[in-house]
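K.L.:
Listed below, chain by chain, are the residues.
Number of protein chains: 4
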Amino acid sequence: MIVVMRASATQKDIDTILSRLDEYQLQGHLSRGEERTIIGVVGATIPPTLREELELFDGVQEAVRITRPYKLAAREFHPDDTIVDVRGVQVGGHSCVIIAGPCAVETEEQILASARAAREAGATMLRGGAFKPRSSPYTFRGLGEAALKLLALARDETGLPIVTEVMTPTDVPLVARYADLLQIGARNMQNYQLLEEVGRTGMPVLLKRGLSATIEEWLLSAEYVIAQGNPNVILCERGIRTFETATRNTMDLNAVALTKRRSHLPIIADPSHGTGKWYLVPPLALAALAAGADGLIIEIHPDPDRAKSDGGQSLTLENFATLTPRLAAVAAAVGRTLA
Amino acid sequence: MIVVMRASATQKDIDTILSRLDEYQLQGHLSRGEERTIIGVVGATIPPTLREELELFDGVQEAVRITRPYKLAAREFHPDDTIVDVRGVQVGGHSCVIIAGPCAVETEEQILASARAAREAGATMLRGGAFKPRSSPYTFRGLGEAALKLLALARDETGLPIVTEVMTPTDVPLVARYADLLQIGARNMQNYQLLEEVGRTGMPVLLKRGLSATIEEWLLSAEYVIAQGNPNVILCERGIRTFETATRNTMDLNAVALTKRRSHLPIIADPSHGTGKWYLVPPLALAALAAGADGLIIEIHPDPDRAKSDGGQSLTLENFATLTPRLAAVAAAVGRTLA
Amino acid sequence: MIVVMRASATQKDIDTILSRLDEYQLQGHLSRGEERTIIGVVGATIPPTLREELELFDGVQEAVRITRPYKLAAREFHPDDTIVDVRGVQVGGHSCVIIAGPCAVETEEQILASARAAREAGATMLRGGAFKPRSSPYTFRGLGEAALKLLALARDETGLPIVTEVMTPTDVPLVARYADLLQIGARNMQNYQLLEEVGRTGMPVLLKRGLSATIEEWLLSAEYVIAQGNPNVILCERGIRTFETATRNTMDLNAVALTKRRSHLPIIADPSHGTGKWYLVPPLALAALAAGADGLIIEIHPDPDRAKSDGGQSLTLENFATLTPRLAAVAAAVGRTLA
Amino acid sequence: MIVVMRASATQKDIDTILSRLDEYQLQGHLSRGEERTIIGVVGATIPPTLREELELFDGVQEAVRITRPYKLAAREFHPDDTIVDVRGVQVGGHSCVIIAGPCAVETEEQILASARAAREAGATMLRGGAFKPRSSPYTFRGLGEAALKLLALARDETGLPIVTEVMTPTDVPLVARYADLLQIGARNMQNYQLLEEVGRTGMPVLLKRGLSATIEEWLLSAEYVIAQGNPNVILCERGIRTFETATRNTMDLNAVALTKRRSHLPIIADPSHGTGKWYLVPPLALAALAAGADGLIIEIHPDPDRAKSDGGQSLTLENFATLTPRLAAVAAAVGRTLA
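Protein chains in written order, with the numbering used here: chain S, 536 to 874; chain P, 536 to 874; chain H, 536 to 874; chain L, 536 to 874.
Please note: incorrect hints may appear among the correct ones.
Which copy? The list can't say, so a pair holds if one copy fits it or any two copies do.
To be verified - Simulated pairs of lysine to aspartate or glutamate, EDC-like, Cα-Cα distance not exceeding 16 Å:
hint	residue 1	residue 2
1	Lys812	Glu590
2	Lys812	Glu588
3	Lys812	Asp593
4	Lys606	Glu655
5	Lys606	Asp557
6	Lys606	Glu853
7	Lys606	Glu570
8	Lys812	Asp620
9	Lys812	Glu597
10	Lys812	Asp616
11	Lys684	Glu643
No lab work stands behind these hints, which were simulated from the structure alone.
Isolated chain S (complex conformation):
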């Protein structure tokens, strides 16, 4: 923490800051410049609210935090990549994982057809929504436990581990009974009770970035999970909200590359939500791998025209099958493989 005093600050203003720091058992190192004085704050534990507190004092221009507010998720304190094991599939290592499946589980035929096509095309995990967050109360919200059972059936047949969203803390035990990887959706990135609840399961967690969450806030949400003793967090960039409306969201691949530096956690990308248009999914899927993503999660559907949700951004099974060899080629070009 650094406290920048105003040009007009008096010695009394400075002394007030120093004595306040003293109350917290912190030390203040003065640096007097031509125009103004700077106070460097040092000590074992700086209270998280100190910054805004100090900015209230007379003579203070601003207080600047200099350490990142997350620790467990930071690469600085954990230099090696974390590899998360999802029922035998490694996420975060040399191989990139491809997760595919429909937005929502609709019928046994639909999920089985999707799972078979996913596996044949080279996917190593199956996605499918059982509980769907929807902006409107009048739209399809998923089949609930029936969908979980169908996902388990698909796993039995194909061997693919399954990932599905859990939306509320009380549903965690139910969803955890079926899922191999618990998804926290973008709208719930800052649902702290939910983060702690999935943290307590010890199971792998797929943490989607919130629609307008900064990278720092996202890693703080990961910190909530890890702080429960659960290091198995996989981050997922899925597009942010910007002024551009020609695409559903704006894929932020800067965030993929930067997060790989700032954190040891694996990170995958979701070009389906990131673009909102099926025909943009292939180029952005390729781009995400090139940017260093550890994998992809892609919506596919046997009949997107009749999908109950997100049909417009789902690939047909055929289109998905033609995409995976191209993904493998780009993965190879950046020195990796598909799982």
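Please arrange chains P, H and L on chain S, whose structure you already have, making use of the hints.
P.N.:
Chains P, H and L alone, transformed into the frame defined by chain S:
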């Protein structure tokens, strides 16, 4: 719904759309232009996902929705202003309400001092956080039920109804036992289980706008509450996230004025979170009333320098006391009064 | 400037920074904390690019600038409000100014009718576009010098000073011959040659905020004008671009209040462009004055239905006449008057 | 254009619209639904302002435009890819181009060293700023014509065509005398006089996307150039401004992929400005090619630590040399080559 065909669409493309509409018992009215054909879709019930579905068909350029997706919250179907009664305080009528109190309840002295000062200065409701959503797991998260009891004590003494946030569905019964107005925070605006749970209580609900929620999404979230048979929703604009970082958020007073037209629900403004700086609270509070807000919610604290959260955006009790007469003057200038 | 070293920085890393500072005749004050070392940089002149330069060195986590990059526009170095005189109309003093007129000058009848109505309703300046920046090359771009002559005619008749936009440096002499206040449009806020050219005229300049310009960038653009020896800059908030599409732009009244603190320059607001909808102009105009704006610029038109541009956001002359008394009431409520 | 009437619209409202359309020699096709009536507007030429005009009429809920406002830039009317020839280098064909060079030309040694390293590493064009737009009036703004001469010298030696920015219409003849590709910077994307002036030269133009420009606005700016009879426009995505501040801008690779569909113009990407951090340039450069970009423009510098501008986002010559083989590998993986 209107379906705009591409210039290159064939008659077969058009027929496919028409027969698909027929499956849904909808009619398509053709309008053939010089360059392209438009199909107007009419019928009793248009499925919410029809738009994205139709855009998948060959020959379709885009499908455009022409009715708003919310009904219960829309002024079009409910022209008169809704007035919500919070333990005798009317929100949404001729008088503007002022809600004041600390960000978080910290001690009995703090909340009682705040409540007394709030009442004396003319506030008609008391705010105070018992459960606090915090970006970092390492910061103060509120006193929980102990805080609720202190709020009830402050209500007993001052007569002010109390508003406090509830963060998760399982806490709703507990919070509802104490609170007069249940607050849904910005991070939870799309926590649908929570919306439905507070909807089921029938109690007044204060629904804050999400950090990057459109006005339409916000009204859809209100729709979730009203659809449970609970029309007592008060909207609260509290700033949106934009590129500007000089202020914590960007107060969107356009949204206050537009929402008054689009919806019959009362709307208040939160200049404390909307600006993040105590010295910007007075000008933005005045501006919000001038823009047509039905009230304000303002953070005050007996000693902002030592507040456990949001000290930087809290007014001192003295500053609040000098603000309320100015608010009354602006309310009068736009033909209203303070409650 | 403060340089924050990484936890892993070596003494050699620190020495490298110190010797680099020495090359610039700057001094580095060390502050060694438990986890890391901070270097406070002091000296007479810190190069503007020093920050990004230092961040390239090994061992540096970040460099933080602690003084604002503008001086001439900063209140810190010029505590008193600047008052700009536009042909006898004072902008920035106790009285708020109202500028009204059509988006574009179309005909003599139109501009004269607008000017008369503006004056009768209490406006003290006339606006009207002669050169119009338009996103599409296929739309009406203004009448050019013919429009300037019509504006001068309207000034002769009504006595109202005139404000009109200049879009390119070579047009400055022409426009300056007619106008009393030179407008720099939002798209040109960072057209530096244009800023310097209007700076050199010494005439009053109305500097609109760019669509996605931060407050700091805006004040830096003002600095470009003032640095030419022309202190007569009036800032104009006209809405920023955000994710919200229900309104044309998002009026940022936080910026109005904050800029009044950060700068001594007068600031007015443009609710016509800030909202894009005529029916939102009155509430946002009232709000802007309540937030502390020194005036307003409002689009009016004798027949908005047939306006060649921006009809949708123009008030009729009748609506404008009913608005001004309401503006006067809010101005009075915040201790000011209309000019 | 489609006009959606309100549920409450009367027959008189509808007739008013129809007669207004008639004034413009347009026809209105009625489509009467259960709840409301829709009017499809057809005719040879729909005035660009018709939409906002119609929305002013009683009974109109909204008017929706259904054709894109640009024609010359649209793929719909020009299905084949445009290939722009820049002094023998083809942009937009099968091969991807790499443009490299320093942000600003500083000295003969610097630009020659950069040019040689660029050519050796496989770049096919040289960039270098002679006129630099800078937010602050107190920073280095380029060497002007002296820099242009140095660029020409570097071209003479290496054979690389040169690209450099022109900032104001009066500088176009000067810059055009030296440059092979005229760059329009992000801040000038809507400087229409400048667009028309470079349009009139007939020379290749590199049109950077504005900081907060939509794809549609960007293509409209291209339209300004093409409308002068100059089809040689190369688009350049260089990051947009969003709420995220951890990177300088947010690279929008969705825009790269979508623009390839919407327009026939070649598009390249600028990962230096798009990220603002040299260590993010390689992953985003790879990603841009994978997303379908026709090339890259990358800042390199012999000594980024001492660069006069943008050092923090410049690659060293060594880092650039290690990047190009990786770019070639990704280009090959998506079926293309480096030029």
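K.L.:
For which of the previously enumerated hints does the structure constitute a violation, in increasing order of number?
P.N.:
Numbers 4, 5, 6, 8 and 10, in rising order.
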